[in-house]
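2 protein chains.
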Amino acid sequence: MKREKWESDFNSWFNDVLSDAEIMDIRYPVKGLYVWMPYGIKLRNHVIGIIRQLLENTGHQEVLFPLLIPRDVFEKEAEHIKGFEDEVYWVTKGGTSKLNVDLALRPTSETSIYPMLKLWIRSHTDLPLKVYQVVNIFRHETKATKPLIRLREVTTFKEAHTAHESEEDAEEQIKKAVEIYKEFFDELGVSYVITKRPAWDTFAGAKYSIAFDMLAPNGRTLQIGTVHNLGQGFSKVFDLTYETPDGDQEHIYQTCYGISDRVIASVLIAHGDDRGPCLPPNVAPIQVVIVPVPFKEEKVDVNKEAEKVQDELEDAGIRAKVDDRDLRPGDKYYRWERRGVPVRIEIGPQELKEEKITIVRRDTGEKLSKPRGSLIEDTNEIFKEIKNDLKERAKSYLEDKIEWAEDLEKARDIIENKQGIARVSWCGQKDCGQKIEDETGGDILGPEFEGETKTGKCIVCGKKTKTPAIVARTY
Amino acid sequence: MKREKWESDFNSWFNDVLSDAEIMDIRYPVKGLYVWMPYGIKLRNHVIGIIRQLLENTGHQEVLFPLLIPRDVFEKEAEHIKGFEDEVYWVTKGGTSKLNVDLALRPTSETSIYPMLKLWIRSHTDLPLKVYQVVNIFRHETKATKPLIRLREVTTFKEAHTAHESEEDAEEQIKKAVEIYKEFFDELGVSYVITKRPAWDTFAGAKYSIAFDMLAPNGRTLQIGTVHNLGQGFSKVFDLTYETPDGDQEHIYQTCYGISDRVIASVLIAHGDDRGPCLPPNVAPIQVVIVPVPFKEEKVDVNKEAEKVQDELEDAGIRAKVDDRDLRPGDKYYRWERRGVPVRIEIGPQELKEEKITIVRRDTGEKLSKPRGSLIEDTNEIFKEIKNDLKERAKSYLEDKIEWAEDLEKARDIIENKQGIARVSWCGQKDCGQKIEDETGGDILGPEFEGETKTGKCIVCGKKTKTPAIVARTY
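In order, the protein sequences belong to chains Z and F.
Under the UniProt record's numbering, think of the first position of the first sequence as 1, with each following residue one higher.
Under the UniProt record's numbering, think of the first position of the second sequence as 1, with each following residue one higher.
Excised from the complex, chain Z in its bound form (with noise of 0.2 angstroms):
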């Protein structure tokens, strides 16, 4: 399927399949919260089952913490409180008094759920913990806000948080952390570089960030996803201690991680075209459509067979549904593509007579004749290769997208007119880091986590460096 308005006109593209994929509903009448579709909330909630399982599997606990956080406990960390001052919401008023304490709506958790930590750990032997939960958080955004993207109630936060008895075990869980987000969004077929953010960049209150970012067609990277070494200063600020095998008390090392909804924008982003999104099979609120194709006098049977075909596959545990409005084949095939269903099923008096179904790609176009009696084996066989072609071609998209610049004017080329990301070398200092910014049009997302090596000059000062930066616009 074509991808041209995709690329050139992309925000309206955006705008309108929230709209026609039904995933929200933009006109609530707060600015920077929307409302969630039915549809939109079934796509949501197989994403997040997906991380959810990861974490199950890797040993983390699903917790839940309060919304509201008093003022004294938020303002405990000095860092942290700078970073979001400006932008948390406070609840002063209960009923029609003042309260005695401002509450924050979280913007994230860790002060709601560090003085609990201090509860919880003893000893060494209560370590590594591992927590998450999946809740809604609040910014209070200044900029435009853009539904899934920049919102003043980010509905869907996965926070995930953990404790350790050692540095090095820490840095083994950021390991391990980004392996997680790895599979997840390899699951969705997202492709994404992952960057450790430079200082000025780094979460509040952070040692370290590692960020996962997707690039729109726009030439805007998207961060999907956070992982941040904490270190020891929330645990000092705190007073998060552990008794060691030998009986001294040491503060805890912490990691926390977490994604949003930003992560349903990538999905429907990295699998755009023309027509709309095309769902991976494994997250789709609808995996086929089956579309009877009657002429008058079999429209009985080939409805019959219609729900015939949505009985085996719901028996297969695929998600089906018939379409039998009164509508023209060619309305109901427009208005399934628009929302994403990733395969078809055609039936009409031919595929009846010859014991066949076609079945038809959303992300190609293609159509497929297969025997009716292989329906469920052929069906799971084409949502695999659709998993796989849509991960492929978001990742050809990308990796065309990535580029070498030996200098600014390069980086600037690639920024502005390729609408891509730049790979430089930069030496780590700040000042070059803002003349890169400043001469590039784009944000340092930072050097590479993992990436390619290769020693090069800084493209300002000139001196050797050896991990490449990546350079780009960013939402």
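Each hint can be trusted.
Put simply, identical chains are the same to the list, so a pair is met inside one copy or across any two.
The list that follows gives simulated cross-link-like pairs (lysine-lysine, DSSO-like), each with its CA atoms no further than 30 angstroms apart:
#1 Lys430 - Lys207
#2 Lys118 - Lys143
#3 Lys98 - Lys31
#4 Lys182 - Lys42
#5 Lys118 - Lys130
#6 Lys176 - Lys466
#7 Lys82 - Lys98
#8 Lys42 - Lys130
#9 Lys387 - Lys5
#10 Lys31 - Lys93
#11 Lys332 - Lys118
#12 Lys76 - Lys93
#13 Lys93 - Lys82
#14 Lys98 - Lys146
#15 Lys430 - Lys463
#16 Lys2 - Lys321
#17 Lys176 - Lys321
#18 Lys332 - Lys130
#19 Lys146 - Lys93
#20 Lys31 - Lys82
#21 Lys463 - Lys410
#22 Lys130 - Lys308
#23 Lys143 - Lys93
For the record, the hints were derived by calculation from the structure and aren't laboratory data.
Given chain Z, work out where chain F should sit, using these hints.
Structure of chain F alone, referenced to chain Z:
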């Protein structure tokens, strides 16, 4: 199992269960806010899974609306705001600046959802419309708070909202909603009385309210589900109209119905005994705990067998766990009983030799010796029996506690001394109701919905009346 402490010292029983069964940590530093522990969250998720399924099966679609409601929208419906004004939390600041418009934390979502219904409903073909969401809601409770029961953040609020063409359709939906909740509580084995709340206890903005109440062993009823007929109250205020087949504009008729964290409390309470709760197998986070009971030389063998049993159970979709910790078997039994695991399997050398297993029921303590070969069938059979027996026990407990009172003194005796529920004849007048409440120390829950009818004379004024009213001390 004995139910002495459960009955005689219920409050401390309940608090102990929350911590010993690892449901909640109640030490969060804000009154009325609590932390869900991993085991509690799993229980909650299974319970919510059941109501979700019931709603999906009956044509309800999941949506997700924002938490924040602007003051002007929240205050549109006069009765509604009167009912909630004392307990709404207000966000008045974003970052360091005052907001232009105060934002309410939803105490319930009528006023966030209904403005959008105006956009969604055009014609009679859009009706009925049935949506639901599972969200957190907030109430600035001034009464004593209690985990799961009286909260400032209700973390699990399932609310459904429906729109209809006519009063009859809305009435019909009320009945369907009652049926859904009956099925839900029946699945949980929780027994209830269903009453139509008196006018002074109707949901703010509703025509009338139906409520489900269960009885705690301290003689207090706990409202665990409500179903409200909203008539056209909200639709007139929010101007929610549809075009009839004749081309006229009419206001829609609305209903809403909700359940909360209290459902989890009701499961723990209904199935409690002196060891803690016995969780119904369909919602138990761990359905079977397998305890190897080795003699020294056979340790390896019984542990291996325990693993094998676990694998087989898990392959059959049963949530099973081997407890191979270095503790005495008796300690393990006790700990898992405290957590309400409904079935324990013991495997020792004897069982190995005879190719048997010992199955112990948590609810009765009964020990059964079963052939190893029919593990899955036997386990599933025992699940069914436990689920059914728990339900029957809860049912007869409640039935024993409900008694007819021919006069105020008898009603007082039932409520005060028997810690029960009184059925009385009441004319429906507020004055008589007030007197009943004053003299008996109970609250009028209201006339029974679909309950027994019996003509009698109001126990205050003597007027003839037909449907008995339910009176009890309430939470």
